[in-house]
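Now for the letters of each chain:
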Amino acid sequence: MVVPPVDASVDLSVQLGPIRLAHPLINASGTFDLFEVADAVDGGLLREPPVAAYVPKTVTLEPRRGNEPPRIVETAGGMLNSIGLPNKGVEAFIAEDLPRLLSLPRPVILNVGGFSPAEYGLLAARLRRALEAAGLGSPSASGSSATSTGVQASWTSRVGLELNISCPNVHSGCISIGTDPVETRAAVKGARDEWPGLLVAKLTPNIGDIRPIALAAAEGGASAISLVNTFKGLALDRVSLRPYLGGVTGGLSGPAIKPLALRLCYEVAETVDLPLIGMGGVVEVQDVLDMMACGASVVAVGAAGFRDPWLPATLARQLAVRLRDRGWTLADVLRRAH
Amino acid sequence: MVVPPVDASVDLSVQLGPIRLAHPLINASGTFDLFEVADAVDGGLLREPPVAAYVPKTVTLEPRRGNEPPRIVETAGGMLNSIGLPNKGVEAFIAEDLPRLLSLPRPVILNVGGFSPAEYGLLAARLRRALEAAGLGSPSASGSSATSTGVQASWTSRVGLELNISCPNVHSGCISIGTDPVETRAAVKGARDEWPGLLVAKLTPNIGDIRPIALAAAEGGASAISLVNTFKGLALDRVSLRPYLGGVTGGLSGPAIKPLALRLCYEVAETVDLPLIGMGGVVEVQDVLDMMACGASVVAVGAAGFRDPWLPATLARQLAVRLRDRGWTLADVLRRAH
Amino acid sequence: MSDGRLLGRVAGLEAFGSMFVLRIDVPGWRPAAPGQFALLQPQTSAVFLPRAFSLHGQSGESLAFLISPVGAGTEELGRSVEGDSVWVLGPVGRGFDLGRLAARAGRLVIVGGGVGIAPFPLLIQALVDASAHRSADAPGERDILVLLGFRDSVQAGGADSFTSAAEAARAAGFSLRVELITEDGSLGRCGLVTDLLAEELSGHDVVVACGAHAMCAAVWEICSACGCDSWFSLEAGMACGVGSCQGCVIALADGSLARVCREGPVFSGETAFGPRAHVCTGQTV
Amino acid sequence: MSDGRLLGRVAGLEAFGSMFVLRIDVPGWRPAAPGQFALLQPQTSAVFLPRAFSLHGQSGESLAFLISPVGAGTEELGRSVEGDSVWVLGPVGRGFDLGRLAARAGRLVIVGGGVGIAPFPLLIQALVDASAHRSADAPGERDILVLLGFRDSVQAGGADSFTSAAEAARAAGFSLRVELITEDGSLGRCGLVTDLLAEELSGHDVVVACGAHAMCAAVWEICSACGCDSWFSLEAGMACGVGSCQGCVIALADGSLARVCREGPVFSGETAFGPRAHVCTGQTV
Ligand SMILES: Cc1cc2nc3c(=O)[nH]c(=O)nc-3n(C[C@H](O)[C@H](O)[C@H](O)COP(=O)(O)OP(=O)(O)OC[C@H]3O[C@@H](n4cnc5c(N)ncnc54)[C@H](O)[C@@H]3O)c2cc1C
Ligand SMILES: Cc1cc2nc3c(=O)[nH]c(=O)nc-3n(C[C@H](O)[C@H](O)[C@H](O)COP(=O)(O)OP(=O)(O)OC[C@H]3O[C@@H](n4cnc5c(N)ncnc54)[C@H](O)[C@@H]3O)c2cc1C
Ligand SMILES: Cc1cc2nc3c(=O)[nH]c(=O)nc-3n(C[C@H](O)[C@H](O)[C@H](O)COP(=O)(O)O)c2cc1C
Ligand SMILES: Cc1cc2nc3c(=O)[nH]c(=O)nc-3n(C[C@H](O)[C@H](O)[C@H](O)COP(=O)(O)O)c2cc1C
Ligand code: FES
Ligand code: FES
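Protein chains in written order, with the working numbering: chain E, 14 to 351; chain S, 14 to 351; chain U, 19 to 303; chain Y, 19 to 303.
Just so you know, the hints here were simulated from the structure itself, not pulled from any lab data.
Where is the CB? At the ideal position from N, CA and C, for every residue including glycine.
Take the hints with a grain of salt, since some may be wrong.
Only some residues are given here: those of chain U computed to face chain E with a beta carbon under 10 Å [stated by the list, open to error]:
no.	residue
1	22
2	63
3	66
4	258
5	274
Chain E on its own, in the form it takes in the complex (with noise of 0.2 Å):
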């Protein structure tokens, strides 16, 4: 690898939460499937995942088959996903992929989707209680209630969940819970309440204004907060110009997007004082340092794995290389737009 390994003397670890991460690069949902990579193509992945943490694809509370094909295109600098968020819903997920997202070396990031803010809290609850049925909790844990988060530090320290409020056709109509500031804080809330972890609200950027969403979703009680999900997007069949994909329409990611995401991200920061995961056209090094600097402490790499699924982990020695090079703490690059 052209990569030097990761400079010893450049302190990348930061605090997100009750989580510690070795350094802030981890995956954005549903762009990277750890398991499936490793047995496709490298089976250490497991042993050394290339993120500081893992986020899963979204789970919801029943099995869904995701849209019909085609459900890719490539497009200027990105590309097209209406992939519909297939999973096999919350009770195999803890069934069969929990366990072994809990032997990881790495702390995790759950991600669910409710097509209502009240499921939210549904899916909090169901994963506390298999989390806690884990055995993960502090001995003391036994009737511990879930909003005190002391006695269970033992999970919380290495498990959080992360919201994705942006899905389509949901409760309230055809404007998603993410565009919605009442709906925002009741997801949030009600997660909260059966949360007692690290809770990230992912944001949507298809809004006029982010801001009120993004207050919405500390008022609910997000512990921090992710975005950009995709920009809603469409692309006609060259020779028919029908629409290609078969959700009609799909989600737009890539470098194409990284400036609006570089925004959005300067403008939440500038609103809440929550730590941020910003994600959005990361690729390069500098789209981390950019990244920061509009606030994110904590970056995701998204569809950008697809080509390259060690990118987080590249980008992490880059990182430490970066700083080094300039004499910067990650202090000196978080917020330096601002």
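Add chains S, U and Y with the ligands to chain E, keeping to what the hints say.
Chains S, U and Y with the ligands in isolation, oriented as in the chain E frame:
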């Protein structure tokens, strides 16, 4: 040139309100200064402008300096601009620019920007009076009412008006007119009361749901809708990690935004029954077909014209070839994606 | 096991009709099974995602891909020059079931349409290698029938990329019969490759095919009507190629969705298209 | 007058230290004046906008550009190979005022910093050509002083791109004195080009300069202190290069904004930086 001449057997003409265009390709406001380009590289452009109608840059009531440099930065698949509507103000525009605009062998769609809904009415009234004074009205036009289009056929068939309702820093605070249905309706209505001809409302994409805005523009009396203006984005200086542009944020345009523009065009076409002028990332003839299939009867070239000022004319020729090869008329393409 | 994507170096590019063969030396490459694929992207690339290509030839760390330029990604690869760097991720995917095929080489028909011929030279090479481990073959077990269909004589230039694999097979005592057909009759017979298959199928009981989806479906119709085993290498637009994105799904015969990059790209006819008939009539529909 | 952008063809690419000279044949090219520029973009390009480059050399429709690879656009041009197609828009911009400069060639100092040396070979060529139209020059009127500053010896390799223009000038009876300085002293003297200028200015009364903005500002300080005429070829990020976008503005001395692509790229020191002093002291600040 590699492009063959327009195939005479293919009818590319489009009716846009009272204005007939020889073909559907025009320029986007602020991205093509015909007189400057003619002076810089090819005087012949004034005799044979490469657009079916010419749209000059936005004019405001007062002269404006525009934003401080740097104003331009390239991003993946596009660019950010923070030009900031520099212009000489409507009075100097009328005195210096209007006469030469009216001497062009093409229809002209003037473009105005206001800082409150009321300013659009003032601008429309001022331009209407100037056009009437220019002696372009019908012989019986003296004392005619502004809202009676019949008597003014002679200039309304050559001059239209586009309302740029997506300026920053406007009357209603930090949210721009174009993101508020009430202000949109007021701005369009104000202009409609003063302007008898083609009235185009140009919408911003920085919005959660564009449909209420499109409806408000229609209710206000718009005779067409153009979309999209640029998406608000941010780029940092690579070294200092401070905002790179003088105006801090800028507007994203170019191929990167095409999937977003197509989606918005598609949504507006399903919402209002007005002709649409589609723009956003148009670079090649496939983009023209895509825009038309999504509902645009006229297509504007923006930033891609920076690479090639002749692009709209080239695309019109290529469109004729494509239609002939597929055995299609324009009507076969229009709204095909719906 | 690799510590990241591999960085290959272009060793050559050769045109074959409308297609080209791209040779890449890839230090660290693990041997691929026939039917597996790799994701390629020039180090300096104007497209966002890598593109999937079947292994066409493989000799240690020297790989060959047969590529048809259809869009920005393939055209960009077609402009490669010797020494250019190319990111390579692979081998990935489930290839052909060599165990089953090798034992039945004499009753096997290979059907390729257009650039769908790409995976077969490597398959032939593997069948030949597999036979070396067997003490002796019964008569006819070293006869492989290859049916190739092209649009026209220009595209049919791609068939020449078979020559060396075919010669190596012959040298190893295999008899390879290659029949060629073009849709416009500009080279070989005029018609579809399924016309050839319908004529030639009898006496064979397993078909492997790769090509346009419609071709594959037609091949399956023929095979299923006569209860013949069939295997298809299928395509889908991909983002990751390694199971992360769930973007490459296709609908299987039972209505479920499967990822071409992980459950495929090689699927049995039954899985992809539907059950085969119970009785082999030797006749085609 | 052209009917669109011109499509040029790469005739060659030659490295000069950290820079390279790109030669492009451009059918239909109108002769450029020194200081004018063109917008270049490979026909197959991974960047969105064309990039601006001063004319470095010109012989009919054969053009040369001296380019320093600093980002995606310049690096992409640096990978050009002979025969590649390149879109060319130009010549555009207001170049040097040849009328004024030619008459004072002997009192002229050319100051180039880094790749800012690019426009000067063409300027020298034009000064030489202009002298051919004059019957006779007074003594010293054919002496041109060129001061070049570079970061280090590697970058200073760019100075070799001057050689042919310098030789042609000498052949036409001009005497060209080229002084070179590097910031790290790894070639020639150690220091800034403005150090050279301060020493050499006396006896000259017009300076033309191109380089980093800070260098230009420092050159202007020196010139203005001694009331010397100065002209600067300035830079700004551009989108269109032809006056459409108003993206390339810079703030002038009077606080107004001017487009580098139309009002420039060559500005007088007074316009760009401020008035010159009234009395020439022959001394520098
Ligand atoms: C497992 C596998 C193996 C393969 N093996 C080979 C091989 O050996 N050789 C080979 O040449 N190819 C092979 N392919 C196909 C190859 O991957 C594609 O041809 C390649 O991805 C095309 O990329 P491109 O950039 O050239 O074209 P793109 O422009 O990306 O278009 C690629 C295809 O995507 C579809 N598409 C994308 N966008 C649109 C749109 N807006 N409208 C309509 N259609 C669209 C079309 O089907 C089009 O042909 C294989 C594919 C798979 C999945
Ligand atoms: C009239 C004129 C004449 C010129 N003549 C020459 C010439 O003869 N030879 C030559 O080599 N160059 C010349 N240039 C400069 C040349 O145009 C630029 O070097 C070129 O555009 C760089 O393009 P790029 O894609 O390589 O770099 P880019 O990546 O586009 O960066 C180019 C420059 O833009 C700025 N920039 C862009 N984005 C950012 C960001 N996010 N943060 C910080 N800075 C940023 C920086 O200043 C950077 O150096 C000239 C410029 C002008 C205006
Ligand atoms: C194929 C694909 C699938 C995705 N699935 C999910 C998902 O299941 N849950 C989620 O919260 N975000 C999902 N996302 C959004 C990403 O997590 C991320 O927010 C977005 O892609 C922007 O980052 P990028 O530009 O780096 O890709 C998905 C994105 C892609 C491209
Ligand atoms: C440099 C620049 C200046 C612009 N100025 C204006 C303007 O003055 N008025 C306006 O209505 N739109 C303006 N726009 C927006 C364009 O008209 C167009 O809506 C937008 O660029 C999207 O199209 P594109 O992706 O093809 O560039 C400007 C865009 C650019 C890039
Ligand atoms: S391409 Fe991503 S799962 Fe198959
Ligand atoms: S670069 Fe567009 S006006 Fe100068």
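Structure-based check of each hint:
no. : hint : result
1   : 22   : holds (4 Å)
2   : 63   : holds (9 Å)
3   : 66   : holds (5 Å)
4   : 258  : holds (4 Å)
5   : 274  : holds (8 Å)
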